[in-house]
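Student: Next come the chains, spelled out residue by residue.
There are 2 protein chains.
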Amino acid sequence: MKSVIAVDAMGGDHGPTVTVPACLDFLDSHGEAQLLLVGLAQPLAEELARHRATSHPRIAIVPATEVVGMDEDIRTAIRTKRHSSMRVAINLVKEGRAQACVSAGNTGALMGTAKFVLKTLPGIDRPAICGVLPTRKGVVYVLDLGANADCTPDHLLQFAVMGSTLVEAVEERARPSVGLLNIGSEEIKGNDVVKRAAELLKASTLNFHGNVEGDDIYKGTTDVVVCDGFVGNVALKTSEGLAKMMGDFLKEEYTRGVFTRLAALLSLPVIKAFRRRLDHRRYNGATLLGLRGIVVKSHGSADRLAFATALERANSEVCHGLNDRIAAEIARLHELGVLAGTNRVVPTEAAA
Amino acid sequence: MKSVIAVDAMGGDHGPTVTVPACLDFLDSHGEAQLLLVGLAQPLAEELARHRATSHPRIAIVPATEVVGMDEDIRTAIRTKRHSSMRVAINLVKEGRAQACVSAGNTGALMGTAKFVLKTLPGIDRPAICGVLPTRKGVVYVLDLGANADCTPDHLLQFAVMGSTLVEAVEERARPSVGLLNIGSEEIKGNDVVKRAAELLKASTLNFHGNVEGDDIYKGTTDVVVCDGFVGNVALKTSEGLAKMMGDFLKEEYTRGVFTRLAALLSLPVIKAFRRRLDHRRYNGATLLGLRGIVVKSHGSADRLAFATALERANSEVCHGLNDRIAAEIARLHELGVLAGTNRVVPTEAAA
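If you read the sequences in order, they're chains A and B.
Counting from 1, one number per residue, gives the positions in the first sequence under our numbering.
Counting from 1, one number per residue, gives the positions in the second sequence under our numbering.
A hint or two may mislead.
Pairs count within a copy or across copies, as identical chains cannot be separated in the list.
To be verified - Below, a list of computed lysine-lysine pairs in the DSBU-like style, where the Cα atoms sit at most 30 angstroms apart: (1) Lys272 <-> Lys219; (2) Lys251 <-> Lys202; (3) Lys251 <-> Lys137; (4) Lys119 <-> Lys189; (5) Lys195 <-> Lys251.
Keep in mind that the hints were calculated from the coordinates and are not lab data.
Everything numeric in this text was worked out from a predicted model, so none of it was measured.
Please put together the full structure from these sequences, using the hints given.
Tutor: As structure tokens, then:
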């Protein structure tokens with residue numbers, strides 16, 4: 001299938017020096033895809049020239065005159081930066097000129113702008129950020145990773161529907177299992193929101209596994225793990241911190257002396273294989289689920305490989321018709337009464 | 001200082017086969033300490049005999065006729081198992097015969113029984129579970145790790161006071177820094193409870209660092225990290241799951257072939273040093289803070305080394321007069337008006 005993806009080429013810590021070569025790598029391995037590179041015309045043209053891709057047949061430059069800063073306030077981004085590369089890229093999705101948008105820009109501004117421009121899908125109250133993490137058995141999709149600090153049981157149910165549909169579409173797995181992130185102590189077994197969410201999930205048509213605990217994420221107990229954005233963000237950041245510390249400790253021990261350096265040299269294939277299995281670049285790209293358009297957020301510090309992975313994720317979601325499937329599933333569950341009580345599935349007029 | 005510690009010798013996955021030798025190890029390195037071993041008389045006597053310690057001058061057996069199961073309901077434990085090793089051990093603290101109690105029994109039952117028997121310190125609404133984790137710079141104390149799924153801003157402030165006093169006492173560090181666990185996205189910056197807790201912490205006399213994110217835990221950004229029990233439990237369990245997965249991946253890669261096994265052999269000192277730095281047994285023992293008595297919870301699966309670490313933690317807290325210091329600090333902050341609005345500091349009659 002032919003896909004057209006709008007790329008916020010200015011976003012992230014590195015801008016075009018990373019996004020442009022990543023785009024070229026992506027196009028090399030995806031012969032049908034087209035990219036709309038959005039950004040300041042001059043740096044983009046220069047970067048393309050550096051890679052001898054000035055007249056790449058499947059790249060078009062869409063000029064933007066501003067860039068949203070990595071620490072910029074959401075309101076500033078939405079109200080005053082109407083010509084930013086991020087905003088223009090999202091507009092392209094809104095106008096139907098692109099089927100998806102990828103940005104390494106700041107998460108808050110991207111989610112805020114995407115919500116403002118694209119609006120949410122019918123039946124979805126709140127978009128969520130869905131990321132992919134490695135597990136013993138493969139991968140797990142976790143949402144929400146930080147868009148919604150306070151959630152109702154209905155929100156968590158909607159996240160579960162979206163996450164489940166995402167895995168069904170992209171991983172081509174029938175009836176993915178869904179776990180509800182909770183705590184194990186018998187004493188309390190979670191807060192009220194989680195308890196009521198569990199009841200909703202049990203009554204739904206989803207393949208609900210039941211409660212899972214933090215360690216189940218990496219055990220790969222379920223295909224999808226659902227939680228509020230506060231808990232999901234803490235779990236993700238804590239994991240990043242621990243993985244980094246463990247990696248650093250290993251490095252420190254291997255570089256302590258002559259003998260350990262020799263051991264390190266001999267262990268190089270092992271260490272490489274180990275690092276590859278955990279390489280966050282291979283899991284880069286979190287999907288902003290629940291919008292009227294596909295938006296993928298790359299890590300701000302993404303390098304060439306990582307950004308290309310985010311492009312692949314967006315492409316895969318386009319090719320698998322992700323949003324139509326989510327909309328259809330939400331509508332179906334509304335008809336069944338499973339999602340009753342949340343927003344009705346009536347398309348609203350969205351004014352950008 | 002002479003300390004007397006009551007040990008629930010039956011608790012945990014392994015019971016006396018682990019707790020008894022751990023107790024002997026602990027006594028070997030703490031010449032002043034005395035232990036009251038609580039449990040079924042027969043297995044305890046047998047285990048002591050196996051280690052030729054039947055008449056150890058600093059061990060006394062206190063018989064109990066029941067054991068609380070690892071999955072037992074809290075209410076069952078409190079109402080029907082009045083003669084359990086856990087209950088009797090806590091009673092010894094209540095009666096002043098021991099200054100602390102250590103148990104590897106189930107967390108919910110231990111917290112429930114301890115609250116019921118000992119009651120909370122004046123001025124403390126809810127006890128919290130405070131654990132120690134390794135960081136790049138040393139250790140960090142994190143609370144609550146799972147006792148309170150729903151917390152108010154006042155609870156989080158009380159946790160901060162208790163955690164700070166614990167570090168001040170046990171680590172002998174003046175004015176420990178306190179971080180409030182939050183999420184980074186500019187979009188929301190946390191939920192209402194956390195926002196209001198930050199205001200209370202700013203207005204307190206504590207050394208409040210400000211918000212921290214999940215990765216700050218392992219960076220060692222602050223001495224204490226405060227969060228509600230839901231978030232803390234997820235962060236802890238997620239960390240356990242990730243560390244286990246990373247360890248397993250490393251092992252798998254090292255045992256893949258002949259060459260990698262050779263590399264593993266040469267890397268043995270490195271791997272040992274690496275594992276030692278992360279060895280959870282060296283950080284075993286979470287303190288149930290805020291009770292009228294010192295109670296330390298060991299991991300259920302603790303081995304001899306790990307259980308001895310938990311005993312050391314309890315001993316250190318006794319020797320540093322932890323609970324008197326917490327009570328004094330809470331009273332001081334009440335007088336200053338910092339803790340106004342929470343329970344008044346009026347000792348209540350506690351009926352066990």
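Student: Against this structure, judge whether each hint is valid.
Tutor: Structure-based check of each hint:
1. Both within a single protomer and between protomers do Lys272 and Lys219 lie at most 30 angstroms apart by alpha-carbon distance, with minima of 22 angstroms and 24 angstroms respectively.
2. Taking the shortest alpha-carbon separations for Lys251 and Lys202, neither the intra-copy value of 46 angstroms nor the inter-copy value of 38 angstroms comes in at or below 30 angstroms.
3. Proximity of Lys251 and Lys137 under a CA criterion of 30 angstroms is satisfied in both settings, with 26 angstroms inside one chain copy and 16 angstroms between copies.
4. Within a single copy, Lys119 and Lys189 get their C-alpha atoms only as close as 35 angstroms, which misses the 30 angstroms cut-off; across copies the closest is 22 angstroms, which meets it.
5. Proximity of Lys195 and Lys251 under a CA criterion of 30 angstroms is satisfied in neither setting, with 43 angstroms inside one chain copy and 38 angstroms between copies.
When the structure is compared with the earlier hints, violations turn up for hints 2, 5 and for no others.
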